[in-house]
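Student: So the protein lines, in turn, are chains A and B.
Each residue of the first sequence is one higher than the one before, counting from 1 in our numbering.
Each residue of the second sequence is one higher than the one before, counting from 1 in our numbering.
Just so you know, these hints were derived from the structure itself, not from any lab.
Treat the hints with care, since some could be wrong.
Said to hold, decoys possible - So, partial list: chain B residues that the calculated Cβ filter (under 8 Å) puts toward chain A:
#1 36
#2 88
#3 90
#4 98
#5 101
#6 116
Said to hold, decoys possible - Label-pair restraints from in silico Cβ distances:
#7 A:4 x B:251: 46 to 54 Å
#8 A:173 x B:125: 50 to 58 Å
#9 B:116 x A:6: 12 to 20 Å
#10 A:6 x B:206: 30 to 38 Å
#11 A:46 x B:188: 37 to 45 Å
#12 A:18 x B:216: 43 to 51 Å
#13 A:50 x B:263: 57 to 65 Å
#14 B:116 x A:25: 26 to 34 Å
#15 A:226 x B:62: 15 to 23 Å
#16 B:142 x A:19: 43 to 51 Å
#17 B:126 x A:257: 57 to 65 Å
#18 B:262 x A:234: 40 to 48 Å
Quick reminder that beta carbons are idealized off the backbone N, C-alpha and C, glycines included.
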Amino acid sequence: MTILDQIAKLGQGGLVVVGNLGRAGMIVALALLGPPDFRHGPALLIRQLYSVGVFSLLIIAVSGLFVGMVLALQGYNLLIRFDAVEALGQAVSVTLVRELGPVISALLFAGRAGSALTAEIGLMKATEQLAAMEVIGVDPIRRVVRPRLWAGIIAMPLLAQIFNVVALWGAVIIGVGWLGVGADAFWTNMQDYLEFRRDIFNGVIKAAVFGGVITWIAVFQGYNTVPTSEGISRATTRTVVYSSLAVLGMDFLLTAVMFGVN
Amino acid sequence: MTEFSSETSNLIEINKLCFGYKQRAVLNGVDIKIPKGRVTAIMGPSGSGKTTILRLIAGQLKANSGVIKVGGRDITRMSRNDLFLERRKMGVLFQSGALFTDLPVFENVAFPLRVHTRLSDSMIRDIVLVKLEAVGLRGARDLMPAELSGGMARRVALARAIVLDPQLILYDEPFAGQDPISIGILSDLIKRLNSALNLTSIVISHSVPETAAIADYIYVIARGKVADCGPTQRVINSEDPRVHQFMHGLPDGPVAFHYPAPDYRSDLGLDSTSHPSWPK
Ligand SMILES: Nc1ncnc2c1ncn2[C@@H]1O[C@H](COP(=O)(O)OP(=O)(O)OP(=O)(O)O)[C@@H](O)[C@H]1O
Ligand SMILES: [Mg+2]
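Generate coordinates for the entire structure from the input sequences, incorporating the hints supplied.
Tutor: Shown next as structure tokens:
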């Protein structure tokens with residue numbers, strides 16, 4: 001292959017990327033802007049909330065429990081060297097609320113709900129259901145994509161908070177119940193240190209951003225899939241890979257903006 | 001129901017339509033006129049672009065060039081929103097049926113009513129049952145699409161396509177996969193709908209006897225062009241060799257059965273002197 005061919009190929013690849021970004025942008029714009037549908041919208045949204053919530057709730061709660069237990073164990077082993085085990089509550093809760101809660105639940109959400117979304121929409125495309133909807137005069141971007149996007153943006157912060165609560169509970173079981181940190185010290189230190197605006201609110205924002213990005217990627221991959229069984233399976237894989245990378249990258253950016261260096 | 005605005009007697013006028021998927025040209029200057037209130041059949045060999053024409057008329061594909069006027073308005077130049085409004089006046093039966101797999105039969109048929117009208121539940125129920133009765137599947141209302149046979153699924157899709165009483169119905173191969181009794185009932189239904197409600201119907205079909213029974217006009221598409229058109233009997237008895245071959249199912253003739261391919265012998269490596277290459 002000559003250098004010229006390679007340059008041409010690079011250019012072609014670039015065009016594909018730009019084209020895809022454009023289409024992905026169009027999809028969110030059409031889904032989120034545009035007049036709200038008060039008649040069907042709420043029911044569709046609630047159905048999607050229910051479906052993504054049920055999809056991810058159990059796996060997020062179980063993972064939360066183990067993450068909390070591990071955090072308490074490691075935190076204790078570290079803190080005891082400085083004779084500061086009373087700080088366990090604040091150490092665990094800050095790590096959870098700021099970082100691990102949103103990030104781990106987002107990664108689980110991408111694997112569980114995101115991949116299912118891509119497969120669902122890809123299959124609707126492959127079986128011409130999206131085309132049928134269009135000729136019935138219903139815009140599939142409003143009917144199918146919009147409620148799923150909003151459901152992701154709303155459900156993700158809730159799931160992250162559930163993760164936090166369960167993980168904290170796991171940390172208490174290990175820290176207070178097993179390792180014998182004083183319950184009073186644990187809770188008081190935690191409450192003194194956590195700030196609503198800085199920690200909890202920022203954690204919720206993070207989770208909402210992750211939820212939006214994951215569902216956006218999932219929905220676009222489904223919508224843009226090659227309508228064959230192979231195409232759908234590839235798109236599903238891409239959803240998990242891209243959205244996991246996006247979550248981790250976004251997390252760094254958001255952390256830098258929200259917490260900076262102090 | 002709003003009407004397609006048009007004074008002419010042609011509901012659809014297609015002029016010099018060209019379309020291709022990626023590099024492959026499929027339609028190359030097609031002119032079609034669909035008269036109002038009649039059944040027009042579009043026939044042609046497999047892969048000749050019939051489904052493509054249907055999707056262009058429904059505005060799901062964008063023409064490379066040419067004009068598609070439906071009720072006097074050019075579909076190719078319509079905004080996204082106008083297109084969705086225009087489509088409410090059309091019913092489309094897809095080749096695969098395309099039922100919504102997460103809804104039972106009843107809700108599939110009710111779907112257009114629920115999104116486009118504010119009828120009460122009991123009205124919707126009545127309308128849906130009437131349409132399901134017309135296709136002989138009133139008893140199947142609670143089944144899920146996965147529980148239907150291919151032929152049944154397509155009849156449910158037909159009920160869904162006519163539930164809003166559209167003015168234009170596009171049928172993509174309504175007879176494929178149906179048993180002889182259903183074929184009789186369906187062709188009867190298409191004809192009855194057309195005369196009773198003064199609809200305009202476009203039927204895409206391969207099968208000559210069924211088409212001959214219901215169509216007033218026939219267009220034959222071959223090699224990206226209109227090979228012949230006119231009143232049914234005239235086209236079926238056409239002298240044009242391509243049309244003649246198609247209508248009578250003759251294996252030898254100007255219409256190729258094969259998708260374009262390199263020479264068969266050299267493709268198999270039987271001809272050692274020449275390398276496999278594409279014909280010009
Ligand atoms: N999505 C697509 N991408 C690329 N090429 C396509 C696509 N759909 C159809 N084609 C090509 O366009 C041509 C016309 O296809 P079309 O589906 O319109 O044929 P048809 O006349 O409906 O055939 P059949 O009677 O078998 O349904 C075919 O040669 C096909 O290979
Ligand atoms: Mg076809």
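Student: Hint says 12 to 20 Å; check whether the CB-CB distance for residue 116 (chain B) and residue 6 (chain A) agrees.
Tutor: violated (53 Å)
Student: Should the hint that residue 116 (chain B) touches chain A count as held when the rule is a Cβ pair under 8 Å?
Tutor: Holds - the Cβ of residue 116 (chain B) comes within 8 Å of chain A, reaching about 7 Å at its closest.
Student: Indicate whether the distance between the beta carbons of residue 226 (chain A) and residue 62 (chain B) respects the range 15 to 23 Å.
Tutor: holds (19 Å)
Student: Taking the closest Cβ pair, is residue 90 (chain B) under 8 Å from chain A?
Tutor: At about 6 Å, which falls below the 8 Å cut-off, the nearest Cβ of chain A leaves the hint on residue 90 (chain B) intact, so it holds.
Student: Per the hint of 43 to 51 Å, is the separation of the Cβ atoms of residue 18 (chain A) and residue 216 (chain B) within bounds?
Tutor: For residue 18 (chain A) and residue 216 (chain B) the Cβ distance comes to about 49 Å; the hint holds.
Student: Starting from the hint 30 to 38 Å, judge whether the C-beta atoms of residue 6 (chain A) and residue 206 (chain B) obey it.
Tutor: With a Cβ separation near 47 Å, residue 6 (chain A) and residue 206 (chain B) fall outside 30 to 38 Å, so the hint is violated.
Student: Is it true that the C-beta distance of residue 46 (chain A) to residue 188 (chain B) lies inside 37 to 45 Å, as the hint says?
Tutor: holds (43 Å)
Student: Indicate whether the distance between the beta carbons of residue 126 (chain B) and residue 257 (chain A) respects the range 57 to 65 Å.
Tutor: holds (58 Å)
Student: Mind checking the hinted window 46 to 54 Å against the Cβ distance between residue 4 (chain A) and residue 251 (chain B)?
Tutor: 48 Å Cβ-Cβ, so the 46 to 54 Å window holds.
Student: Interface hint check: residue 36 (chain B), Cβ to nearest Cβ on chain A, cutoff 8 Å. Holds or violated?
Tutor: violated (20 Å)
Student: Taking the least C-beta to C-beta distance, is residue 88 (chain B) closer than 8 Å to chain A?
Tutor: It holds, given that the least Cβ distance between residue 88 (chain B) and chain A is near 4 Å, below 8 Å.
Student: Is the distance from the Cβ of residue 116 (chain B) to the Cβ of residue 25 (chain A) consistent with 26 to 34 Å?
Tutor: holds (29 Å)
Consistency note: the structure conflicts with the earlier hints numbered 1, 9, 10 and 18.
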